[in-house]
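Asker: Produce the entire structure from the sequences given, and follow the hints as far as they go.
2 protein chains.
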Amino acid sequence: MTTAQPVILVDGEPSACIPADDRGFLYGDGVFRTLRIVAGKPRWWPEQIAKLSEDASRIGLTAPDPAVWCADLERFSAQLTDGVLKLILTRGSGPRGYLPSAAQPVRRLMVFDATPNSGQRTADLRVRICTLRLGWQPRLAGIKHLNRLENVLARSEWSAADIHEGLMLDHAERVICGVMSNLFIWQRNRLLTPRLDQCGVAGVARGRLLRLASEQGLDVEETDLNMQAVFDADEVMLTNSVMGLRRVARLESKNWPDPLISSRLVEWLDA
Amino acid sequence: MTTAQPVILVDGEPSACIPADDRGFLYGDGVFRTLRIVAGKPRWWPEQIAKLSEDASRIGLTAPDPAVWCADLERFSAQLTDGVLKLILTRGSGPRGYLPSAAQPVRRLMVFDATPNSGQRTADLRVRICTLRLGWQPRLAGIKHLNRLENVLARSEWSAADIHEGLMLDHAERVICGVMSNLFIWQRNRLLTPRLDQCGVAGVARGRLLRLASEQGLDVEETDLNMQAVFDADEVMLTNSVMGLRRVARLESKNWPDPLISSRLVEWLDA
Numbered sequence: 615m616t617t618a619q620p621v622i623l624v625d626g627e628p629s630a631c632i633p634a635d636d637r638g639f640l641y642g643d644g645v646f647r648t649l650r651i652v653a654g655k656p657r658w659w660p661e662q663i664a665k666l667s668e669d670a671s672r673i674g675l676t677a678p679d680p681a682v683w684c685a686d687l688e689r690f691s692a693q694l695t696d697g698v699l700k701l702i703l704t705r706g707s708g709p710r711g712y713l714p715s716a717a718q719p720v721r722r723l724m725v726f727d728a729t730p731n732s733g734q735r736t737a738d739l740r741v742r743i744c745t746l747r748l749g750w751q752p753r754l755a756g757i758k759h760l761n762r763l764e765n766v767l768a769r770s771e772w773s774a775a776d777i778h779e780g781l782m783l784d785h786a787e788r789v790i791c792g793v794m795s796n797l798f799i800w801q802r803n804r805l806l807t808p809r810l811d812q813c814g815v816a817g818v819a820r821g822r823l824l825r826l827a828s829e830q831g832l833d834v835e836e837t838d839l840n841m842q843a844v845f846d847a848d849e850v851m852l853t854n855s856v857m858g859l860r861r862v863a864r865l866e867s868k869n870w871p872d873p874l875i876s877s878r879l880v881e882w883l884d885a
Numbered sequence: 615m616t617t618a619q620p621v622i623l624v625d626g627e628p629s630a631c632i633p634a635d636d637r638g639f640l641y642g643d644g645v646f647r648t649l650r651i652v653a654g655k656p657r658w659w660p661e662q663i664a665k666l667s668e669d670a671s672r673i674g675l676t677a678p679d680p681a682v683w684c685a686d687l688e689r690f691s692a693q694l695t696d697g698v699l700k701l702i703l704t705r706g707s708g709p710r711g712y713l714p715s716a717a718q719p720v721r722r723l724m725v726f727d728a729t730p731n732s733g734q735r736t737a738d739l740r741v742r743i744c745t746l747r748l749g750w751q752p753r754l755a756g757i758k759h760l761n762r763l764e765n766v767l768a769r770s771e772w773s774a775a776d777i778h779e780g781l782m783l784d785h786a787e788r789v790i791c792g793v794m795s796n797l798f799i800w801q802r803n804r805l806l807t808p809r810l811d812q813c814g815v816a817g818v819a820r821g822r823l824l825r826l827a828s829e830q831g832l833d834v835e836e837t838d839l840n841m842q843a844v845f846d847a848d849e850v851m852l853t854n855s856v857m858g859l860r861r862v863a864r865l866e867s868k869n870w871p872d873p874l875i876s877s878r879l880v881e882w883l884d885a
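Protein chains in written order, with this note's numbering: chain A, 615 to 885; chain B, 615 to 885.
Do not take every clue at face value.
Note that the list lumps identical chains together, so a pair holds whenever it fits in one copy or between two copies.
The list that follows gives simulated cross-link-like pairs (lysine to any residue, SDA-like), each with its CA atoms no further than 25 Å apart [unchecked claim]:
(1) 655 <-> 840
(2) 868 <-> 840
(3) 758 <-> 633
(4) 700 <-> 710
(5) 655 <-> 824
(6) 868 <-> 689
Treat the hints as calculated values from the structure; they're not laboratory data.
Answerer: Structure follows, in structure tokens:
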């Protein structure tokens with residue numbers, strides 16, 4: 615497709631809008647996934663659908679059968695080339711108030727956007743440290759839910775186009791993630807990534823990489839990391855489902871000129 | 615009006631839906647107010663508009679001039695009788711991603727719902743204690759923003775119709791608020807309410823009551839309260855803009871059979 619306008623299905627039907635009483639809108643009462651379409655195919659599709667269903671169930675939502683998402687995707691197929699696909703699942707419309715009605719059906723959205731990303735898919739990242747500290751909420755930790763004001767406020771801290779991402783810490787000064795990515799460090803031949811039991815989003819790229827690196831025999835651990843550990847790392851990397859894995863070339867004033875493990879990890883992840 | 619269907623204005627025009635790329639929907643990137651319409655008049659209107667603007671500015675949104683909200687209200691006026699009015703302000707539609715565009719206009723909604731409330735406006739409350747613990751986020755504390763998943767999960771903890779509200783604690787076991795209300799206790803001739811510097815919503819009814827009680831010469835304090843302090847209180851009360859102030863008759867298995875200060879506070883608040 616040649617237009618940059620996103621294409622939207624709401625419950626399988628073309629639509630540019632959602633009801634104003636949708637609980638996703640009123641309360642952020644829903645979950646989502648953002649993933650890449652490469653040559654018409656959604657990347658890591660089974661994991662994305664599984665993670666969406668798992669996140670939904672954590673907040674008491676029953677996700678549609680995977681076949682329903684596949685049918686939506688079929689309706690798009692003539693238009694899909696390369697771009698970004700977003701899946702959103704909300705608790706739908708119901709009576710006023712926080713209490714969910716057991717009877718109300720969920721609402722699902724599929725949004726395809728062919729707009730190119732920032733374009734620097736192969737470029738190394740320049741990263742800063744955010745001032746905002748993530749709050750702890752174990753009931754929501756790891757879930758990609760629609761309550762993303764912390765990410766919005768953190769992303770608002772910088773506008774310079776040559777800074778690609780910001781690292782987020784929690785109020786115990788543990789490094790948790792990037793605003794839109796997960797963090798990995800390579801340190802003395804170990805691959806480390808922050809534990810996400812109190813906050814942060816456990817992305818599909820992160821999950822894949824943890825599994826693949828472990829299968830390949832790397833020493834892998836989810837652990838607590840402070841900023842000093844990140845600065846001292848031999849290599850620093852960020853992952854998400856849209857960009858895959860990219861190495862950090864510069865964090866504040868610290869530089870890592872050469873790749874070490876990252877090119878191998880990219881190969882495993884994209885295989 | 616006789617229908618129970620809510621009446622909705624989006625940016626001043628009748629509409630039942632919002633664009634699917636609204637950042638209020640995608641990220642909960644917005645703020646809101648819920649207030650009562652009594653005999654066609656919105657209660658505590660200047661405070662509601664002031665609080666909405668203040669909350670908006672806390673997340674970097676510029677609220678419309680109060681005259682804009684008044685003009686929306688005028689369009690409703692023939693239909694307003696008694697009911698609940700909701701004002702929502704979002705960061706509007708913009709490019710994909712968390713970074714807000716400085717150029718994008720905000721979006722405002724006004725929703726009037728004539729559906730009667732649970733109906734027991736004068737009844738005393740039965741209250742439980744929620745299991746979910748509120749997370750700390752000083753950057754968002756006090757704001758009525760659209761990230762309300764904690765409230766949804768807490769409200770999902772009970773469905774018994776004779777339990778009206780649930781108390782919410784933070785992870786330091788401080789009592790913060792009800793799921794949809796603010797808490798006051800009357801203890802040895804002092805009126806106490808939780809500090810909301812880490813979490814919770816600082817409601818308009820709470821703000822009014824703090825001011826009025828202080829003007830009337832009561833000893834008033836925002837402080838840290840644990841559950842024992844609430845159980846030991848001479849009287850326990852909850853406030854919000856829809857129900858005003860109501861006393862708690864029963865909290866878990868503890869009863870407070872008789873009103874002490876609450877009837878006077880209701881008079882001040884509703885004057």
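Asker: For every hint, state whether the structure bears it out.
Answerer: Hint check results:
In this homomeric assembly, residue 655 and residue 840 never come within 25 Å of each other (Cα to Cα): the closest approach is 38 Å inside a single copy and 54 Å across copies. In this homomeric assembly, residue 868 and residue 840 come within 25 Å of each other (Cα to Cα) only inside a single copy, at 16 Å, whereas the closest approach across copies is 45 Å. Proximity of residue 758 to residue 633 under the C-alpha cut-off of 25 Å is found in both arrangements, the shortest distances being 22 Å within a copy and 21 Å between copies. In the homo-oligomer, the alpha carbons of residue 700 and residue 710 lie at most 25 Å apart only across protomers (10 Å), although the nearest pairing inside one protomer, at 27 Å, exceeds that limit.
Proximity of residue 655 to residue 824 under the C-alpha cut-off of 25 Å is restricted to the intra-copy arrangement: shortest distance 23 Å within a copy versus 58 Å between copies. For the identical chains of this complex, residue 868 and residue 689 are neighbours neither inside a copy (47 Å) nor across copies (58 Å), given an alpha-carbon limit of 25 Å.
Comparing the model with each earlier hint shows violations of hints 1, 6; every other hint is respected.
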